[in-house]
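**Student:** Each chain is listed here by its residues.
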Amino acid sequence: MTFALKGGAVETLRVAVESRTPHVTLSQVTRSFKKASTREMFAALGPIDLTLNKGEFFSVVGPSGCGKSTLMDVLSGLARPTSGQVMFEGKVISSVPDGVGVVFQEDASFPWLTVRDNIAFGLRRSGVDGPEVERRVAYALGFMGLRDFAGAYPAQLSGGMRQRVCIARTLVMQPRLILMDEPFGALDQQTRLLMGDELLRLWRETNATVLLITHALDEAAMLSDRVGVMSSRPGLFIDLVETGWERDRDSRVVSTPRFGEINARLWDKLRVETMKVMGAQH
Amino acid sequence: MNIESVLRSLLVAAFIGLIEWLCRTHVIPPMVLIPPSQMLMHLLSLVSTGQYSQDILFSFGNIVVSAFVAIISGFFIGLAVHSMPRFRAALEPLLASYYAVPTFIFYPVFIVVFGVGHGSIIAIAVLLAIVAMITATLTGLDRIPNVLRKSAAVMRMSRLQTAWRIQLPAALPYLFGGVKLAVAYSFIGVIASEFILSGSGIGYAIAFAYNNFESDNMYALMLLVLISVTLINAALNFFDRRLQARRQR
Chain A
12 MTFALKGGAV
22 ETLRVAVESR
32 TPHVTLSQVT
42 RSFKKASTRE
52 MFAALGPIDL
62 TLNKGEFFSV
72 VGPSGCGKST
82 LMDVLSGLAR
92 PTSGQVMFEG
102 KVISSVPDGV
112 GVVFQEDASF
122 PWLTVRDNIA
132 FGLRRSGVDG
142 PEVERRVAYA
152 LGFMGLRDFA
162 GAYPAQLSGG
172 MRQRVCIART
182 LVMQPRLILM
192 DEPFGALDQQ
202 TRLLMGDELL
212 RLWRETNATV
222 LLITHALDEA
232 AMLSDRVGVM
242 SSRPGLFIDL
252 VETGWERDRD
262 SRVVSTPRFG
272 EINARLWDKL
282 RVETMKVMGA
292 QH
Chain B
244 MNIESVLRSL
254 LVAAFIGLIE
264 WLCRTHVIPP
274 MVLIPPSQML
284 MHLLSLVSTG
294 QYSQDILFSF
304 GNIVVSAFVA
314 IISGFFIGLA
324 VHSMPRFRAA
334 LEPLLASYYA
344 VPTFIFYPVF
354 IVVFGVGHGS
364 IIAIAVLLAI
374 VAMITATLTG
384 LDRIPNVLRK
394 SAAVMRMSRL
404 QTAWRIQLPA
414 ALPYLFGGVK
424 LAVAYSFIGV
434 IASEFILSGS
444 GIGYAIAFAY
454 NNFESDNMYA
464 LMLLVLISVT
474 LINAALNFFD
484 RRLQARRQR
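Just so you know, the protein sequences line up as chains A and B, in that order. Just remember that the working numbering sits 11 ahead of the position in the first sequence, which is counted from 1. Just remember that the working numbering sits 243 ahead of the position in the second sequence, which is counted from 1.
The set of hints was computed from the structure by calculation and includes no laboratory data. All figures in this text were calculated on a predicted structure; none of them were measured in a lab. A couple of the hints might just be wrong.
When the alpha-carbon atoms are kept at most 25 Å apart in a straight line, the in silico BS3-like pairs for lysine-lysine are as follows [said to hold, decoys possible]:
#, chain 1, residue 1, chain 2, residue 2
1, A, Lys45, A, Lys102
2, A, Lys45, B, Lys423
3, A, Lys46, B, Lys393
4, A, Lys46, A, Lys287
5, B, Lys393, A, Lys102
6, A, Lys45, A, Lys280
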């Protein structure tokens with residue numbers, strides 16, 4: 012597995028998951044935008060080389076505005092890279108491929124549908140038969156703690172509950188690659204930990220590859236097999252931390268010394284990048 | 244019914260009661276205004292005798308057609324304009340100042356083009372109503388959160404599916420605002436046009452009654468227009484409230 016270090020140097024790391032099947036591969040991926048004011052191009056992302064292995068839980072942390080969400084858009088096929096290519100299951104993607112589910116940072120629940128219909132929306136569209144839709148929706152309502160709100164509209168729910176609806180809507184589709192952009196941002200700390208446990212359980216059950224974008228270092232450290240630390244803009248991976256957790260893990264890892272070490276390493280790298288961003292603002 | 248609705252109803256009832264009292268005591272002379280109760284009784288007798296049935300059907304037919312044309316064409320024009328940002332930027336100041344133009348000044352043109360009758364009345368009403376629907380469509384499409392479009396893309400929905408299953412329901416409360424306005428403007432456009440462009444219809448009948456000192460008929464027909472507008476507006480508001488209630492966060 013290779014990743015680009017800021018400054019142009021490329022370092023190759025041997026990782027424990029190297030022998031696993033590559034599921035998603037980014038090769039020299041960049042993304043640039045035109046500034047609205049000056050019409051000049053500026054680099055938001057990359058070049059990035061990254062491989063996510065099948066069934067891996069990978070988290071991305073980085074300072075605000077470093078291109079994490081841009082990375083997710085490119086990975087999901089919602090945006091095309093300016094240069095380089097993204098491959099999913101061996102095929103270059105140019106639009107959202109089959110088997111990819113995305114949970115967005117913003118509330119993406121459909122306000123005109125009940126919680127039940129929101130969760131069933133994608134399944135019904137995909138032609139899944141009625142009893143199977145019912146079974147999956149009932150399961151999702153249960154594990155997301157939404158059973159009592161199945162007939163409610165999103166407007167009647169809290170922000171955290173609406174986000175759970177969106178997570179459920181994605182997970183019932185049983186995607187092989189799950190991309191999550193700050194999915195727990197609207198939740199309180201206790202709920203975040205418990206939702207993290209649920210996410211880990213689902214990840215183990217489905218064997219999906221997960222990419223989680225988060226601001227919360229503890230969340231990344233607790234949930235992930237690997238954590239990628241991104242630099243300030245243009246976003247590059249400046250460190251890649253292997254957590255070494257067992258696959259069968261839960262939120263109790265936060266009480267282990269290893270968790271503190273991972274957190275410290277992540278913060279050590281991120282602190283410098285965050286200060287650069289703050290310095291640029293002053 | 245909440246306290247505000249009760250107060251509103253009492254206010255209207257008090258106003259009607261005051262007019263009734265002023266008319267009955269001849270503070271307002273009968274040549275100027277007849278008591279509201281007399282208007283209502285006369286309206287009921289007009290409806291039962293069918294004296295103005297043709298005019299009522301003529302006007303309501305024109306209102307339905309012009310509202311329908313304005314809503315449908317306004318929606319599709321709004322969609323088209325929304326998909327062309329540069330054209331929209333050029334057009335928007337014109338749309339914003341549209342209602343400063345008294346549309347009725349074009350009535351001679353419409354008479355030349357469509358003749359006297361349905362065509363010119365509907366044309367003026369549509370001209371009056373359509374921009375409200377275009378503007379509501381543009382606003383509705385603007386207000387759709389981008390994350391919903393992204394969600395549709397992730398679900399691999401086609402453009403048509405996205406428009407039908409995501410964008411239309413997401414924009415519906417705004418579109419319904421446009422529908423309400425389009426219906427109101429169609430009503431105004433048709434009744435007002437009939438005063439000058441028609442030989443039949445409620446507007447024409449009111450003008451005829453006025454010119455011939457038939458106060459009972461004139462006020463009864465005016466009451467008919469008021470009751471119709473109130474009922475239609477109440478029905479539209481009812482649906483609007485139901486739409487909004489699900490969505491207010």
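**Student:** Failing hints, ascending?
**Tutor:** The structure conflicts with hints 1, 2 and 6, although it agrees with all the remaining ones.
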